[in-house]
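J.: Got chain A sorted already, so can you dock chains B, C, D, E, F, G and H onto it with the hints?
Number of protein chains: 8
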Amino acid sequence: MDNKHDILELLWAVKAGETTPEDALLELKQKPFEDLGYAKVDFHRSVRQGAAEVIYGAGKTAGQIAGIAAAMGERGCRNILITRMGEEAAQVVAQSVPLDYRSIPRLGIAFPGERTALGHIVVATGGTSDMPVAEEAALTAEVMGNKVTRLYDVGVAGLHRLLSNLEPLMSARCVVAVAGMEGALASVVGGLVDCPVVAVPTSVGYGASFGGLSALLAMLNSCASGCSVVNIDNGFGAGYLASMINQMEGLQ
Amino acid sequence: MDNKHDILELLWAVKAGETTPEDALLELKQKPFEDLGYAKVDFHRSVRQGAAEVIYGAGKTAGQIAGIAAAMGERGCRNILITRMGEEAAQVVAQSVPLDYRSIPRLGIAFPGERTALGHIVVATGGTSDMPVAEEAALTAEVMGNKVTRLYDVGVAGLHRLLSNLEPLMSARCVVAVAGMEGALASVVGGLVDCPVVAVPTSVGYGASFGGLSALLAMLNSCASGCSVVNIDNGFGAGYLASMINQMEGLQ
Amino acid sequence: MDNKHDILELLWAVKAGETTPEDALLELKQKPFEDLGYAKVDFHRSVRQGAAEVIYGAGKTAGQIAGIAAAMGERGCRNILITRMGEEAAQVVAQSVPLDYRSIPRLGIAFPGERTALGHIVVATGGTSDMPVAEEAALTAEVMGNKVTRLYDVGVAGLHRLLSNLEPLMSARCVVAVAGMEGALASVVGGLVDCPVVAVPTSVGYGASFGGLSALLAMLNSCASGCSVVNIDNGFGAGYLASMINQMEGLQ
Amino acid sequence: MDNKHDILELLWAVKAGETTPEDALLELKQKPFEDLGYAKVDFHRSVRQGAAEVIYGAGKTAGQIAGIAAAMGERGCRNILITRMGEEAAQVVAQSVPLDYRSIPRLGIAFPGERTALGHIVVATGGTSDMPVAEEAALTAEVMGNKVTRLYDVGVAGLHRLLSNLEPLMSARCVVAVAGMEGALASVVGGLVDCPVVAVPTSVGYGASFGGLSALLAMLNSCASGCSVVNIDNGFGAGYLASMINQMEGLQ
Amino acid sequence: MDNKHDILELLWAVKAGETTPEDALLELKQKPFEDLGYAKVDFHRSVRQGAAEVIYGAGKTAGQIAGIAAAMGERGCRNILITRMGEEAAQVVAQSVPLDYRSIPRLGIAFPGERTALGHIVVATGGTSDMPVAEEAALTAEVMGNKVTRLYDVGVAGLHRLLSNLEPLMSARCVVAVAGMEGALASVVGGLVDCPVVAVPTSVGYGASFGGLSALLAMLNSCASGCSVVNIDNGFGAGYLASMINQMEGLQ
Amino acid sequence: MDNKHDILELLWAVKAGETTPEDALLELKQKPFEDLGYAKVDFHRSVRQGAAEVIYGAGKTAGQIAGIAAAMGERGCRNILITRMGEEAAQVVAQSVPLDYRSIPRLGIAFPGERTALGHIVVATGGTSDMPVAEEAALTAEVMGNKVTRLYDVGVAGLHRLLSNLEPLMSARCVVAVAGMEGALASVVGGLVDCPVVAVPTSVGYGASFGGLSALLAMLNSCASGCSVVNIDNGFGAGYLASMINQMEGLQ
Amino acid sequence: MDNKHDILELLWAVKAGETTPEDALLELKQKPFEDLGYAKVDFHRSVRQGAAEVIYGAGKTAGQIAGIAAAMGERGCRNILITRMGEEAAQVVAQSVPLDYRSIPRLGIAFPGERTALGHIVVATGGTSDMPVAEEAALTAEVMGNKVTRLYDVGVAGLHRLLSNLEPLMSARCVVAVAGMEGALASVVGGLVDCPVVAVPTSVGYGASFGGLSALLAMLNSCASGCSVVNIDNGFGAGYLASMINQMEGLQ
Amino acid sequence: MDNKHDILELLWAVKAGETTPEDALLELKQKPFEDLGYAKVDFHRSVRQGAAEVIYGAGKTAGQIAGIAAAMGERGCRNILITRMGEEAAQVVAQSVPLDYRSIPRLGIAFPGERTALGHIVVATGGTSDMPVAEEAALTAEVMGNKVTRLYDVGVAGLHRLLSNLEPLMSARCVVAVAGMEGALASVVGGLVDCPVVAVPTSVGYGASFGGLSALLAMLNSCASGCSVVNIDNGFGAGYLASMINQMEGLQ
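Residue numbers (the numbering used here), protein chains in the order written: chain A, 11 to 262; chain B, 11 to 262; chain C, 11 to 262; chain D, 11 to 262; chain E, 11 to 262; chain F, 11 to 262; chain G, 11 to 262; chain H, 11 to 262.
Just chain A, with the same shape it has in the complex (with noise of 0.2 Å):
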């Protein structure tokens, strides 16, 4: 029932009396996903929204994670995202499903499968502790097919080492932005560059950053033009949403 064409489609089908109104009801009701039980697997999702498929590791057993990522694998899905996954988990769902899993973001991938490599995101970070949330970032938009170009510890207390890279920023169609305690490399960056930033708040720091809440403010009111901004340690989000906008068609 998301998509007007489907409606559409299906009541022809009923006019034609391929279906009868109450079978039509039925599969507006039943087609989009499979109920597991204790998850609804979303097999449409990547028609409907074009995205690579991801199972939210958080909160689950290891046997849910393995469980929703083999009825993913069985419907053809490949390079499934498993974000915030432990490596108890991890091992765990390798033994029923092939698992290609990166301890630094606690990320898998499942049933990887080739990929591209388009245009061009750039992943910066304001320092060598923000590198779990950016790589999980990074990973995030490799497997979804872009370039990634990583420049990590560039923070703006030594602005001269983010001077010194002006080459990839200025050749990026998006650039991720992840920085905690004072964030401030969010705005540097949205002043120097012309393409969407998104900037990507993490919990690094100690006392008054308040587990990420004042670099999300900082990001927030980021008085450069192109900025918008993620939740807290949310990588796998900014790389999503970097790898929309990296492969946007053009304007006809």
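The hints are simulated quantities; they were obtained by calculation from the structure and are not laboratory data. Heads up, a few of these hints could be off.
Claimed, not checked - Straight line, CA to CA, 20 Å or less: simulated EDC-like cross-link-like pairs of lysine to aspartate or glutamate:
| hint | chain 1 | residue 1 | chain 2 | residue 2 |
| --- | --- | --- | --- | --- |
| 1 | F | Lys157 | E | Glu259 |
| 2 | H | Lys25 | B | Glu28 |
| 3 | G | Lys157 | G | Glu177 |
| 4 | F | Lys157 | F | Glu259 |
| 5 | C | Lys25 | A | Glu19 |
| 6 | E | Lys25 | D | Glu19 |
| 7 | C | Lys157 | D | Glu259 |
| 8 | F | Lys157 | F | Asp204 |
| 9 | C | Lys25 | A | Glu28 |
| 10 | B | Lys157 | B | Glu177 |
| 11 | D | Lys25 | E | Glu19 |
| 12 | A | Lys25 | C | Glu19 |
| 13 | C | Lys157 | C | Asp110 |
| 14 | G | Lys25 | F | Glu28 |
| 15 | F | Lys157 | F | Glu177 |
| 16 | D | Lys25 | E | Glu28 |
| 17 | B | Lys157 | A | Glu259 |
| 18 | E | Lys157 | E | Asp110 |
| 19 | G | Lys25 | F | Glu19 |
| 20 | B | Lys25 | H | Glu19 |
| 21 | A | Lys25 | C | Glu28 |
| 22 | A | Lys157 | B | Glu259 |
| 23 | E | Lys157 | F | Glu259 |
| 24 | E | Lys25 | D | Glu28 |
| 25 | H | Lys25 | B | Glu19 |
| 26 | G | Lys157 | H | Glu259 |
| 27 | F | Lys25 | G | Glu28 |
| 28 | H | Lys157 | H | Glu124 |
| 29 | H | Lys157 | G | Glu259 |
| 30 | D | Lys157 | C | Glu259 |
| 31 | B | Lys157 | B | Glu124 |
All values reported here derive from a predicted model rather than from experimental measurement.
T.: Relative to the frame of chain A, chains B, C, D, E, F, G and H by itself:
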């Protein structure tokens, strides 16, 4: 100093003896803006960032706004946005520069000129009260040359109003979702469309909406992929970013 | 599209050739509301949700309110609640639609008509200053056809005032507990009665009441079973819910 | 002293000389509970509030829990809920009282007995991770004699999963909407159904979900009428209230 | 019903046939206050709590205040405090009841009468701007019959001003420490004296004082023993409590 | 330098030639405490403030605690309270100083000695889980020579449990009200008794209790006169203040 | 009593019989300030702290300000700063004391006199709207005898404007960085210069700037070494501290 | 690119033909740091900012720390501070670089070398528990060549302990005031001394100290002039800034 090509060009001019090192240094320091005392007006930004010029009106006197706009106009800027400018200030400004003023979003367009209507951006709101912010977004996008469809008062508490407007949503290259109170519009829209969604929390509401904090947090936590968030009531920022995304060139 | 019976009926009409698929799709999209431009007025809601119509007055001009009310009145709606409408707006609205306006809760009843007084709802307040919110709740419930008893100024700091009014409390089918400051009224009432208690925190207070936050948190933490909470100062929401509960049909 | 009928009855007994004033006062003070030292166990509550008995397990030792449950059981209580009790405590308690323990919601049912399945309550969740809270609500409602339908993982980011389950929603007498992160489920459900909706924010999420605060604020700001909110993760409270509402007697 | 002696007395009257059980129940319910409709005026409180009567003026109309004060005056109450009453309301009230009004603390004393000046309370402030709150505390204490010494503008940033006033501090039976901004006065005074210190945070300050929150938190965290805190700007509460403490009877 | 009598006495000694000005200055600086390096132990405090000695155990090593206690014991201090000391630290401390350790409130009494039981303090709690804080308050008061009555688990959701215990409340000279969650106990008790009430919010609860913030705000906003508040979980501070108030001498 | 040399001198005077102990005590208590009733004016502070005198104007009447300024002027104070004084109050004050008033920072200089222009302080702002706070800082520093360079509107979103002004930054002995919104200016400046940076968050901004909280948190989290922060909008405090640092004497 | 002299020099070299424009651009970009992959190590900072090198240990592996320290050591850096490094990491690091590790402040000094003890800095704490942060500040200052006096446990609740230590305070060129809980130490010290005070809030405390927020707010609101604040627990930042101030050269 913000662009490696500029630096390189200048270095070549020095090498060629066309300019002295001292003059080059001077140029590096003086070129990119005009200093009005109370403001450093940046004329290269439209080149550097590909952006329409904008003057943030809040906290500036009518005289300061008029002065900045006039200086920009002299350099050939057209369609200069002036945000958060009250009716009285607008009357003063209109005495010295040509001004198209809209009272609902408190937005002026100085030196209004011709513009295109490229691509397709949808600006949707949860309720009637979100209109001032939505209009700031829509006008910003229009001034920057984009085609905009307005879908106002389609909040999720009456889901059929949103579902009845799937057509424009499905053809949009970017959606700006403007909502106060519980801010659920962004999540629902984000789950329906396959283009980037820029969420704008508004300060509309009372009690536990805490001046837009409730909508802001909800939008940051949206489970829908492809969403990002700008500051509370920041219609300009959302319209600007939506324009950037809408006008992306295609991958080669 | 909000009701499976509607969809089924429409599908049968398509099947029967009484309507074309294109028209059916159109109907699905256009039927449930009238678009006034600034608002999408929902006439089916009273059917769909069994509710009195309500117009949230804050952030709307007097003209917009009058326009929406008139459109509803034309369709036959009666006893239309208009909340958070100032005295001046009320005078404007009253020029074009019949209006019963109450200044303490800043509430109007457009097209006032006959109503019943079913069951029994108690609206209690901690202090005199909570009256505007309490009256919004009480009038909402009365307009929706319920019998309401008001117990004002029975805050827990003078427990005997509450205990002296056990009789109406004991016979209520639902109690609305309205209190600012420390919000203890909800807990104490919740411990005394055996019917649902709808707690409404108010912004009454000063200092560490933080605009109703203190009462809100206290009510959410109430150890009494059967309590739930609505937004700060949301008298309408509480009266509406109390009416729903009071008018529940019995189990077969 | 909590019930005027009790007082009146006692006064008549005094008048009739059946009891002395001193004894009456004593009775007023001693009757309604048993004092275990660490807890004052309330046996009249099931009468006074028509409620199943409940023991809040957090912050109590296994010994204290077992002691309270045993005292209740001796007085004839059945189906006693014990919430927030860890696996280890449950094993200790099970040694002295009959116990049906569920590990996902960390809930025990002491002295389990027969129960009815009246009316119809739907418990819906936004995601798989909200299950522990949802199960606490569902089991509470079931233990209190209600028929419960579970709709898990129907969050608004995949709206079709919710819309495909309209049937049970439409026949419910009360819906418990359980969601973390942006908490939009309550608003969307509240806009679809015409029965009371009890919203339960959960602490599921990360970053700017701030332990459930984001979902809590969103639910409090819900524009849908008929919604009210309980404390974060308070599945018991929601199930209890839903049971109260579901089992309302009809108006005469 | 608030006092066991009252209940016992009433029970004896029932037993003696001097009153019927029905009348006794009625008396239990009607005695302790007069119901003005908008307020339930409590005349027994001065007996029950040994307190001067007080009317909280904020959120009440001048007419309501005058009505409550007149009802109290008729019953013989004297020195009735009216807090948070603006100048205009005071003029209205003064037309119907004798009133001694102080504009700095916005405090009225209705039916002013003779009073004692027992014991010794010190009211100290950090700065000149804290005077309105301090005067509310000092006048409350004076009206309740206490001797009060004012030590204003003795904030800790000029420690010698405080140390030069040790004499009254050392002889006080209770100190009220009133301070905004960083609220350090309470800690320093608490470390100097050996009597209870009642700390009153004020909303004086700007920026990160957040309306008194900063002073409130500092006072709650005071390392000095014997300190306790009342609400921000609650001069009345502090004066009332200081009077209670100052007038404690000695141990037998 | 903390007492004007000391200064005057010293000045006279200088005048009399009994001490030189330099020695006087030295004395002013060195007398009031012993410097252990990691702590400056204050032996005059019991004289200056009339207080039992106390060692705040959190953040100190067992060795540091033992060292401070031993130094105090050598000077003749008895009944030294050690708060927030874990079981392990207690075992270490007990090896070098006589120690009476209570595990529930995590409180030690070093060099325990005889004590009186003057006056009457009631310590009441809302629930069983508030016991650790309540015991810290009760033991502090007992160690300081006061008679204490414990009323545990008398929270307002079962009001009859509180009303059945009016007798000790009515005879108390000071009540310590300990409660988490919605903290309503303080308001209700404050409205019943005519002596000072010291409210102690506890961190007991979950969700929107936010670690005791909810109870803290509720208690600060209490409408009952005579209430004041100490820090969250600060049983020691409440017991200390209650003792001060209970042991007030009568007015001459 | 604030200075050991004063105490020592006084003790010698007592010893020499030049003053009696009673008089000495009196002097210790009365000397350092004049008591105007509403304020204790401190004349020794300029000696004790080496500071210009300052009167915090907010919360004081024009009459009180004039009274304090006059008292200071009589004792020979010159260049007395009066902060946060409105235009109207300034006109009143100017009638009785010589006053140099600046309306943008709402700052008055009473008894203006000659001053030096030592060293070099830079005051930089992120935007034009930060000027009121920046001018308060700059004028404070100038009144205290420092040379000040203003660099306004050099926010990080247009980095070239800042980089084009490196010269004054590099020669400064202290930089005051004034910025609202995301407050990134302090971090970037802190990473460029090798002198202390005093960061002043301003309340400039909207939405998630939360009255300066966002800039405050960002500045506190600055990764640049040598930065420290004063209260939101506290231009005076920053100018005062910058003056202290600029005028440090060299090490011997 | 951070220093105009460097740019000028480079431009002259280009002019002289000693370097090509391309090489110059390269140099501008590559010179100031070494890229280790996970970190960009900045060797010019000691020159550019006159600072000791520092490695922020939190969020880095022992291997990363050792790698950075080794790279610095090779370039001749000495006395490299490593902050927030646990005992285990220190043992690993010590295997490859010479390391002086202090466990209380969790601070390492790599390649320890000779140092001076210039000027005079006082580091004061409110209590014993603030020592870890204070030691981080004191050691940082000592490593940077300053003389440091420690005044621990001089909190304002026992004011005489502070007043007895006026001598070192009066001779300090800069004071670092370290305190948790109510943070009043900074205000009191700021009112006593005439040199800059760097306030460090600590996370010491419980309940309403909210992890140092209470002390932070109090310090930001300090009424004492000359105070500024660094992040909660940021001993390093305070020691670094104090060193900068202490080592200021005198004005010519």
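J.: Take the hints in turn and mark each one as holding or not.
T.: We went through each hint and held it up to the structure:
no., hint, in the structure
1, F:Lys157 with E:Glu259, "holds (16 Å)"
2, H:Lys25 with B:Glu28, "holds (10 Å)"
3, G:Lys157 with G:Glu177, "holds (15 Å)"
4, F:Lys157 with F:Glu259, "holds (16 Å)"
5, C:Lys25 with A:Glu19, "holds (14 Å)"
6, E:Lys25 with D:Glu19, "holds (14 Å)"
7, C:Lys157 with D:Glu259, "holds (16 Å)"
8, F:Lys157 with F:Asp204, "holds (18 Å)"
9, C:Lys25 with A:Glu28, "holds (10 Å)"
10, B:Lys157 with B:Glu177, "holds (15 Å)"
11, D:Lys25 with E:Glu19, "holds (14 Å)"
12, A:Lys25 with C:Glu19, "holds (14 Å)"
13, C:Lys157 with C:Asp110, "holds (19 Å)"
14, G:Lys25 with F:Glu28, "holds (10 Å)"
15, F:Lys157 with F:Glu177, "holds (15 Å)"
16, D:Lys25 with E:Glu28, "holds (10 Å)"
17, B:Lys157 with A:Glu259, "holds (16 Å)"
18, E:Lys157 with E:Asp110, "holds (19 Å)"
19, G:Lys25 with F:Glu19, "holds (14 Å)"
20, B:Lys25 with H:Glu19, "holds (14 Å)"
21, A:Lys25 with C:Glu28, "holds (10 Å)"
22, A:Lys157 with B:Glu259, "holds (16 Å)"
23, E:Lys157 with F:Glu259, "holds (16 Å)"
24, E:Lys25 with D:Glu28, "holds (10 Å)"
25, H:Lys25 with B:Glu19, "holds (14 Å)"
26, G:Lys157 with H:Glu259, "holds (16 Å)"
27, F:Lys25 with G:Glu28, "holds (10 Å)"
28, H:Lys157 with H:Glu124, "holds (14 Å)"
29, H:Lys157 with G:Glu259, "holds (16 Å)"
30, D:Lys157 with C:Glu259, "holds (16 Å)"
31, B:Lys157 with B:Glu124, "holds (14 Å)"
The structure meets every hint from the earlier list without exception.
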